[in-house]
Amino acid sequence: MKFTYQLEYNAFGPWHDGYIQYKRLKRLIKQQRHNLAATEEGATITPDDAWQEFEKALCAEMDRISTYFYNIYARLTTSVKQHLAPMEAHKHVESKHRKECIELFAELNELKNFVQLNSEGARKIVKKFDKFNGTSHCGDFMATCQPLVAMQHEAQTNIPAMISDVETR
1 MKFTYQLEYN
11 AFGPWHDGYI
21 QYKRLKRLIK
31 QQRHNLAATE
41 EGATITPDDA
51 WQEFEKALCA
61 EMDRISTYFY
71 NIYARLTTSV
81 KQHLAPMEAH
91 KHVESKHRKE
101 CIELFAELNE
111 LKNFVQLNSE
121 GARKIVKKFD
131 KFNGTSHCGD
141 FMATCQPLVA
151 MQHEAQTNIP
161 AMISDVETR
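If you count by the UniProt record's numbering, then the sequence shown holds residues 1 to 169, one letter each, in order.
These are computed hints drawn from the structure, not numbers from a lab.
Mixed in with the good hints there might be a few duds.
Pairwise CB distance ranges (calculated) [as the list claims (entries may be wrong)]:
hint : residue 1 : residue 2 : range
1    : T135      : A38       : 16 to 24 Å
2    : K131      : Y70       : 30 to 38 Å
3    : R75       : H34       : 16 to 24 Å
4    : S164      : H137      : 19 to 27 Å
5    : K99       : K131      : 42 to 50 Å
6    : C59       : Y9        : 25 to 33 Å
7    : Y70       : N10       : 20 to 28 Å
8    : Q146      : W15       : 26 to 34 Å
9    : S95       : Q52       : 52 to 60 Å
10   : K127      : N10       : 34 to 42 Å
11   : R33       : T157      : 36 to 44 Å
All residues carry an ideal CB built from backbone N, CA and C; glycine is no exception.
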């Protein structure tokens, strides 16, 4: 399945605006390929110039996604704390709290999937850039893109801990 369709199919509806704009980045790569082809006819753009332009656009996209992620993450963190505090005192879960826990559990899992899908999108789009330009930026970008690394850390450590806390209630 093409990643564009995978992204559309797996994206959590209410957060649709927060996902990577894969099609736009793919169009940028195609535009750059066209410009590089024109370079051979006398223009002055190089693959390094193309990477700098593409990296700038991709980093801006990762910053946008990260801001979106941290807004949701902050809201969910607050909700988890608010919902778990009353349960600590009572040791039994009322049906109202059970429903809220189920909703939090589902939304936390969606947030984890949000990070995974955006990470996969970033990896695939850089890999596509590399393929078209004969470069190898993917590994370095994935390891050094600070917003992406930070979101992945949250998705691998803090979000699973919150999911576990909600599950045990």
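Which hint numbers doesn't this structure obey? 3, 4, 8, 10
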